[in-house]
Amino acid sequence: MGMRIKAKLKGDVVKVKAMAKHPMMTYDIAEKKTGSRDNANFITHWDGNVNGKVVFDASTSQFLSKNPIVKYEFKAAGFKKGDKLVMTWVDLKGKKKTGHAKIK
Amino acid sequence: MQRRNFLTLGAVAAATAVVAPALQAADERKAHPDAWTAKTVDDALKALYGKTLADAKEAHVTVKTPDVASNGGAVPVDMSCDVACESFTLLQDVNPESCVVVFDQNDVTIPKNSVKIKMKKSGSVYAVAKGKDGNLYYGKKTLEVALGGCEG
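As you go down the protein sequences, you meet chains A and B in turn. Position one of the first sequence corresponds to residue 1 (my numbering), numbered consecutively onward. Position one of the second sequence corresponds to residue 1001 (my numbering), numbered consecutively onward.
Check the hints yourself; a few may be wrong.
As the list claims (entries may be wrong) - Derived lysine to aspartate or glutamate pairs resembling EDC-like cross-links, with alpha carbons at most 16 Å apart: (1) B:K1132 with B:D1107; (2) A:K15 with B:D1078; (3) A:K71 with B:D1078.
If you are wondering where the hints come from, they were derived from the structure by calculation, not from laboratory data.
Produce the complete structure using the sequences and hints provided.
The following block contains the structure:
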């Protein structure tokens, strides 16, 4: 399970598109497919930071799509091309995954 | 490494550790656990912001989805808000629970997001922004879902 991130600086805004590879198994699907709601697993929190500054902060539920894609923007104040955007998600089972991209 | 340098490093590390929580992202699932089990839009908003849709103004927030979503497993939603806000939340009224995602805002984030969500059947999505002025603003979009997305 990984993450794909693209970050582009345009004018005074950085535009980001990120995709996480995650089944996003809801409680209902877990019950139907595995017989137990306990097998549900989905991303619960997803954040991004550049140079230690939080630029994206999302708390999520089971209703994001499978392999969720998110697009967001943040002000480029103090950031420049080549800076590293680091994104991390955590899922219900406590698994963490970090991905990164250079701002282009 | 000299002892003096080592101590300085330690002091810097300690200072960073103290500052760190302010830079840390907020986990709304821990901060407002009731919002994530709420079955209605109003209950979720009450848990998150202490207010309901009746207290919110239908202004400043735009939500876009297709009028008919062919696949309920991945309904594209574009949401944006044109006033400064602290928090920007997406909800819907057809799934077992209402809340889908909360985007916390700070001084560099822009309340403009696109996500793909699951929808069990036709219904409405709501984007609700808590403005820095303390007011709630929302936008709403009703759509048809051809094939429900919660069955897998």
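Original post:
Of the hints stated earlier, which fail here?
Top reply: Hint check: nothing fails, all pass.
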